[in-house]
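Chemist: Add chain D to chain S, keeping to what the hints say.
Residue numbers (the numbering used here), protein chains in the order written: chain S, 9 to 176; chain D, 4 to 404.
No wet-lab data here; the hints were simulated from the structure. The beta carbon of each residue, even a glycine, is placed where N, CA and C say it ideally should be. Be aware that one or more of the hints could be misleading.
So the derived list for chain S, only partly shown, Cβ under 8 Å to chain D, looks like this [as the list claims (entries may be wrong)]: (1) R70; (2) K71; (3) V78; (4) M118; (5) A124; (6) T167.
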Amino acid sequence: MNYLRTCLAKMYLISSLILGGNQTFADQRHTNEIIGEAVKENIVLVCVKECDDLMLSPMRLRKLFLGMPVQGKRHYLKPLVNVSDQQLENVFYQSVVAMSRKSFQAKTLMQQLRFAFAVPKQFEDQSVLFTELEKLPTGVTYMWQRDADKIKNIRVIRTLWQGVYAGN
Amino acid sequence: MTKSWYSILGVLFYFPFILLADELSPTIDWGHVSLFGQLVHSDELSVAPGSYNEKLSDASLGILYTGGSARFPLLAEYFYDSEDNEKRQLNRLQLGWRPNENTTFWLGKFNNPNLYWHDRYHDGLYFSPSVTAPLESAIFFDGGVTAPQISGLRIDHAIQYQQSEWRFNLVAANGPEVLLDKKSDVDTDDFFKDISNDQRLYVAGLSFLPDALADTEFGMRYSKVKAPWNAFDYTGLEFELDESVFNIYANVEIDSWRFLFSYSKFEQEVQVPNGFTAYASTLDLSDPINASFILAANMGVQVLSGSLNLRYLHVEYHLDDHWMMYAREEQFEVDVPQQAKIALAQFGVDSEYDKHIAGFRYDFRESHALSLQYSNYRSTISGQEQSTLHLIWSFALEVGE
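The shape of chain D in the complex, shown without the other chains:
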């Protein structure tokens, strides 16, 4: 029996609980389907030397199903992308249990909540306040350092005091096969992958909302993961990563303004596997890409360690119910001495860069929006720059409403 069948059986087993819990309802609620789509056209206005100008169009659609009852909620989301096959997947499948109105247990596959933006805006692209996520390329995709989705257990709990609310969340999940060329930790087939291994991801979050029903929030998250490091798969050796991520954020709404600040620090350690020295001795000395491996092997290094700093400030101003303007300043930095940054730049690795974005959004009809965004990326070490213009149409639709 494949792992997909286990997933299907899991959901079928869960349905009787939903029906039993909803015994007071005269009719069975079979749930609701919503569609969240976007069409993006990107035009690179200026490119780094050696690159070429690209015009890209990309359509994507998130199909969301929510069902069950208040006590046993169920949520599933499939994501389709017209250009990227690897993004076409079951993004989320969550089975919930809500023993009281302030506590929810989720079991299944869900977004990695280790960073605020990702937890809040990853799904439902219509709701994202900008075309691109902050430091997206550095964190998740195309060279990212953490998994966007994970599978395991998540607990959300809230404590109200007068109008305010404290929120806590805890996650224990499978250690995701992180990184670089991986879009997610698990394929659908791997939904119930072997949980007997010692690879784990833990996340703890705490936040405070001065008004429990408004969006202003101050919080912090801490996560720790032990997982395979797939970036060096081509070596044939198994590298293992220990990573801890600390994220602190403030999302403040004042009248028509919104200020969102976030600072994240990633601490990483990669254990050097047995056989590494023997492998390094076979490498071509004249190839600069091999230099760091050869150097590490010659120095007898057991652990490769490093850290990254990511910060951004996002500001929005709502002119009225239809128009919104926004701007964001993002900074990425690898914690290494300046000489090392210059050396990394020679291998094409940007260890320090700034990104500035500015755009506006026009909301129309019930739930449609058009956004125009200008982004400028600049490496502070090599001085290379790249500017992109994005035009996007996004929408949210409730099917059958």
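This is chain S alone, in the form it adopts within the complex:
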């Protein structure tokens, strides 16, 4: 029974990611309740160890990853978008910026045109992202918890998403 429940939960989660519905934080909590013990992986928001203590509400986090200026204690933060696997990319569009890829591109480009806001840099190669993050005291990104655990000079700000790692 437990096995069947886990399978159903996985199918629900993967299909929701593929279909690209607007999954909110409330939806995620609901999903996590459904999948119960199948919760195996977290996606965490991280910065380097020496970064400012960050209090990023969902609204400010969304602003940051939409390319709008968001200040830490002293400096403006730099969002690094992790698209190194399909699931991370889906979680970014659905849970972080809460819009489709096309709307995200249009909004960031329009903001660049009107206000000179920088379009957030995207990383397809996670090793390049790690290198960039380690050099950037103002950088903020997200990754799987198990990857964050492997890097020494990194601090988890908070858990961004909980779910099942579907593999790539």
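Modeler: Frame of chain S; chain D shown alone:
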């Protein structure tokens, strides 16, 4: 030293601030270039009596550079038009200072923000929801009454309350040499033109966004300008204009629908210069174009005043991620008695007209779009009509991405 050199020196002086402010970055970010282009083909389906059918093709490209840092942003835009030499120019050059995330000071040349559509959609033609801007000919080009770009200081400030946001902006700029045959207030050479004169433009704006990260917005703008009136340059006299513009707008997005309403009122006063009566006495009485000058001189008028009303309602419906349909109703009206409108019509001046447009747009690939638009212009005084079909391909590209 020319004024272009002052512009270059200004930008060079600004760069060290960018580098100092970005001391935490391991590498220097030299900025980004984006291209916004469009190719338009226009075919006049029906024309006013005395005119002839025209087919026009026009290509234009906006080259946008953004650089600097979050604290000291830098923005420059050059516009190229294949058909119109006067439109080929440095449209914007803005040096910014962002002391906190809700406040930005801009110094340089930027879009005149006195009207919502112009502030939001003038640049990046790919993002414009229609092929032509509302009441474009009445406001900006080919007989327009305000300058599309101005140079000076702009302050943007936002106050957030929960999910919502209040936005304020203030502008103090050089009084633009407005009007009629002028495309802009300044050439590149005039970027740092003499600011000791008493010609000034002030704009104040206030808007409310129920969701700070969405596009729904309600707002108003008020601007006041004192500037030379170039329309009567041929007289050899210097006319000066006092103009105030009030614009109120609502941009509402509900699911797949978008409704954009705007109402603007232009109040204008032109000071009659010394020597006007003497000039009017030399004019040919039989030429009807001179009639208003001669009449004004004979009546001893010191100030020529008038006002214009402009309003439009733009409606969009997005069928899916690719297809969008839109329609707009525009109205232009000069505030004068009906008899005066009829008299103006005899001189070929349309003092009251409606414009209806309808079109659809197809978005494809990453950032390309094809639009087909039908426009119908009708003078409500003379009854003359003109219909045009526009086909346009527009795109946005990030260079080096």
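Chemist: Run every hint past the structure and note whether it holds.
Modeler: We went through each hint and held it up to the structure:
{"no.": "1", "hint": "R70", "verdict": "holds, 6 Å"}
{"no.": "2", "hint": "K71", "verdict": "holds, 7 Å"}
{"no.": "3", "hint": "V78", "verdict": "holds, 6 Å"}
{"no.": "4", "hint": "M118", "verdict": "holds, 6 Å"}
{"no.": "5", "hint": "A124", "verdict": "holds, 4 Å"}
{"no.": "6", "hint": "T167", "verdict": "violated, 22 Å"}
In this structure, the one hint that does not hold is number 6.
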